[in-house]
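Okay, here's what each chain looks like letter by letter:
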Amino acid sequence: MTAIPLGHILTLAALLFSLGLVGVLTRRNVLIMLMSVEVMLNAVNLTLVGFSRYNAWTEGHVLAFFIIAVAAAEAAVGLALVLSVFRLKQTTYIDDLRLLKR
Amino acid sequence: MLHDLALTSPLLILLFAALFTLVVDPFLPSTTEARSFWGRFGAGTSAMAILACAMLWKHGGNEMHTVAFGYHLSASPMSLFFTALVAMSAMLTHLSSPKYLVEQGSSYGEYYALLHFATFGMAVMVSSESLLSLFIGLEIMSMSIYVLVAFKRTSAASVEAGMKYFIMGSVASAFLLYGMAFLFGMSGGTSFIEIQRALAMPKPGQGGWLHLAVLMTMAAFLFKVAAVPFHMWTPDAYEGAPTPITGFMSSGVKVAAFGAFLKILYAALAGVGMSELHLPMATMLATFGVVTMTVGNLLALTQKSVKRMLAYSAIAHAGYLLLGCVASVPDGTLGAPYAVPTGAVPFYLVGYAVASLAAFAALSTVGSGGEELTGEAQLVGMGRRYPFAGAVLGLAMISLAGVPPTLGFFGKLQLLRDVLAVENGKYLPHVIILVLNSLVSAYYYLRVTVFVYMRPEGRTEREYVREPSLTWAMGIAMAALLIIGMLPYRAMTMAQTAGAGVRTAVASRHVAHELPAKAEPAAAAQK
Numbered sequence: 000m001t002a003i004p005l006g007h008i009l010t011l012a013a014l015l016f017s018l019g020l021v022g023v024l025t026r027r028n029v030l031i032m033l034m035s036v037e038v039m040l041n042a043v044n045l046t047l048v049g050f051s052r053y054n055a056w057t058e059g060h061v062l063a064f065f066i067i068a069v070a071a072a073e074a075a076v077g078l079a080l081v082l083s084v085f086r087l088k089q090t091t092y093i094d095d096l097r098l099l100k101r
Numbered sequence: 000m001l002h003d004l005a006l007t008s009p010l011l012i013l014l015f016a017a018l019f020t021l022v023v024d025p026f027l028p029s030t031t032e033a034r035s036f037w038g039r040f041g042a043g044t045s046a047m048a049i050l051a052c053a054m055l056w057k058h059g060g061n062e063m064h065t066v067a068f069g070y071h072l073s074a075s076p077m078s079l080f081f082t083a084l085v086a087m088s089a090m091l092t093h094l095s096s097p098k099y100l101v102e103q104g105s106s107y108g109e110y111y112a113l114l115h116f117a118t119f120g121m122a123v124m125v126s127s128e129s130l131l132s133l134f135i136g137l138e139i140m141s142m143s144i145y146v147l148v149a150f151k152r153t154s155a156a157s158v159e160a161g162m163k164y165f166i167m168g169s170v171a172s173a174f175l176l177y178g179m180a181f182l183f184g185m186s187g188g189t190s191f192i193e194i195q196r197a198l199a200m201p202k203p204g205q206g207g208w209l210h211l212a213v214l215m216t217m218a219a220f221l222f223k224v225a226a227v228p229f230h231m232w233t234p235d236a237y238e239g240a241p242t243p244i245t246g247f248m249s250s251g252v253k254v255a256a257f258g259a260f261l262k263i264l265y266a267a268l269a270g271v272g273m274s275e276l277h278l279p280m281a282t283m284l285a286t287f288g289v290v291t292m293t294v295g296n297l298l299a300l301t302q303k304s305v306k307r308m309l310a311y312s313a314i315a316h317a318g319y320l321l322l323g324c325v326a327s328v329p330d331g332t333l334g335a336p337y338a339v340p341t342g343a344v345p346f347y348l349v350g351y352a353v354a355s356l357a358a359f360a361a362l363s364t365v366g367s368g369g370e371e372l373t374g375e376a377q378l379v380g381m382g383r384r385y386p387f388a389g390a391v392l393g394l395a396m397i398s399l400a401g402v403p404p405t406l407g408f409f410g411k412l413q414l415l416r417d418v419l420a421v422e423n424g425k426y427l428p429h430v431i432i433l434v435l436n437s438l439v440s441a442y443y444y445l446r447v448t449v450f451v452y453m454r455p456e457g458r459t460e461r462e463y464v465r466e467p468s469l470t471w472a473m474g475i476a477m478a479a480l481l482i483i484g485m486l487p488y489r490a491m492t493m494a495q496t497a498g499a500g501v502r503t504a505v506a507s508r509h510v511a512h513e514l515p516a517k518a519e520p521a522a523a524a525q526k
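Same order as they appear, the protein sequences are chains C and Y.
Here numbering that gives the first Met the number 0 is used: the first residue of the first sequence is 0, the next is one more, and so on.
Here numbering that gives the first Met the number 0 is used: the first residue of the second sequence is 0, the next is one more, and so on.
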């Protein structure tokens with residue numbers, strides 16, 4: 000089995016991270032923005048796991064598990080917030096939230 | 000194991016208080032009075048956490064034994080100082096919350112549990128000795144705060160503020176994590192000491208990646224402390240959040256973020272300025288600080304709502320503190336391998352946290368029945384109708400402006416002195432800009448006292464929220480501002496010890512243990 004070089008993994012992760020960042024910055028639907036943040040977090044996971052596999056370290060795998068757990072909690076909080084916004088405003092678009100902008 | 004638990008006892012008290020609140024709350028009678036009990040309970044447990052910090056401070060003479068749980072947490076003087084400070088913020092927030100929540104119609108037990116969880120997260124952040132515990136603490140804090148900001152479910156402003164804060168905050172955590180992933184990838188470890196070693200001697204070809212990692216980590220912290228250009232979320236989140244939570248965000252979150260930032264700067268990134276990386280961290284921080292304080296102060300000038308004005312003032316104070324971060328001993332070069340911060344930032348944070356908690360406690364007396372009245376014009380007559388709250392608000396403003404004999408004055412004085420001492424006045428221009436900024440800020444702080452005391456009252460008589468625990472919160476904050484303001488030396492010395500303690504755990508690791516040998520990359524690649 001030929002191993003995948005570390006550079007490829009890191010490049011893929013960097014692309015995913017940028018993709019997520021662009022998603023957060025350009026999309027206006029809060030749900031899609033949440034998904035984009037998840038993509039960014041998974042890019043981080045990929046980086047960590049890549050480094051760990053390449054160097055036979057274990058801490059990166061552990062850190063990735065922690066990030067997965069935190070990302071799940073973050074999704075729960077985010078979706079609860081989306082729900083409470085939707086209850087009051089019947090919208091999931093960030094541009095419709097402009098009560099505080101002055 | 001027992002030793003670890005003893006060292007982390009302040010954290011454990013906060014954690015168990017949170018769990019206890021969450022578990023017992025459903026069994027209490029479903030009245031608002033029963034919920035208000037949790038405010039007093041929370042104040043008591045936070046006071047216990049402070050007491051535990053004080054005992055560890057007093058008996059923690061042996062530097063070799065300050066690290067717990069395999070170098071993930073520590074009870075160094077710096078950790079203890081900052082843990083006590085966040086617990087103090089939590090105590091005053093617990094005291095000033097119950098009546099406000101009842102008036103706003105969202106008095107639930109979960110509020111107090113979340114407040115405890117947030118405080119626990121902050122305590123983990125400031126006690127962390129590795130990227131892993133730092134990240135976990137940061138996330139526990141942030142996620143509790145997102146929910147607390149949006150806690151008034153029926154208020155569109157509150158929910159909107161929580162949503163915006165959440166999205167910006169999670170992007171910032173993603174940046175922090177990406178930076179951390181590269182710090183890990185370059186050094187092969189998550190603890191600050193391993194990262195410091197790797198940064199001091201970068202392998203060929205690592206320079207660019209390390210720059211990227213350090214910059215991303217710094218950007219995430221600039222977001223958390225609300226520094227320009229990452230300050231956009233601050234006014235919205237501060238204005239929409241329940242008033243006691245706004246106070247908690249401007250005191251506790253800021254204290255925790257700066258505590259963790261100092262640890263990152265002086266324990267993990269120490270040596271960056273001296274190694275081949277040549278990253279001018281001190282210059283960058285000072286520049287960000289100056290820009291932040293100027294932008295914050297100029298925007299604060301035009302605000303009509305006191306809550307929003309205090310949000311911009313929080314940005315300005317983040318600027319002062321960022322400049323304070325470059326003040327270090329012995330030779331005053333941030334980035335030198337053995338530099339430690341002076342007491343300037345910890346001491347300034349005490350004054351700032353207490354003053355903003357006092358201000359927001361006084362502001363939560365205004366407005367009742369689901370309404371929040373924090374415009375300047377609505378404070379008219381406060382000095383006559385509720386003299387105590389008016390006096391507390393006035394004193395908080397005077398302290399934030401930095402007028403003697405309050406705590407804010409001595410905080411600013413020490414910060415100026417320490418920054419000036421760096422490399423024989425290298426930062427003199429920055430300090431002059433800071434002084435000019437303080438003059439500008441006096442205008443909008445003192446304008447609030449003009450509204451409270453000097454404007455003629457209209458015909459409408461405003462009702463103020465009066466309640467014993469809120470009075471206690473205001474009284475404690477006012478006493479701290481005046482007493483520590485008049486006798487600042489003890490607190491200053493403690494802050495100095497705290498600053499010097501940033502590297503205690505790192506130093507003890509040098510002596511006590513050698514790092515476990517890492518598997519060689521070459522050996523792994525052969526598999």
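Since the hints were made in silico from the structure, they are not lab data.
Check the hints yourself; a few may be wrong.
[Stated by the list, open to error] Here are a few chain C residues that face chain Y, going by a calculated C-beta distance under 7 Å:
#	residue
1	32
2	34
3	36
4	80
5	84
[As the list claims (entries may be wrong)] Just a sample of chain C residues kept apart from chain Y, beta carbon distances all over 10 Å, derived:
#	residue
6	10
7	11
8	14
9	18
10	25
11	83
The beta-carbon is built from N, C-alpha and C at its ideal position, and this holds for glycine as well.
Results of checking the hints against the structure:
1. 32: holds, 6 Å
2. 34: violated, 12 Å
3. 36: OK, holds: residue 36 of chain C within 7 Å of chain Y, min 5 Å.
4. 80: Cβ of residue 80 of chain C sits 5 Å from chain Y, so the hint holds.
5. 84: Holds: closest Cβ of chain Y sits about 5 Å from residue 84 of chain C, inside 7 Å.
6. 10: holds, 13 Å
7. 11: holds, 13 Å
8. 14: It holds; residue 14 of chain C is separated from chain Y by about 13 Å at its closest Cβ, greater than 10 Å.
9. 18: Non-interface label stands for residue 18 of chain C: nearest chain Y Cβ at 12 Å, farther than 10 Å.
10. 25: holds, 13 Å
11. 83: violated, 5 Å
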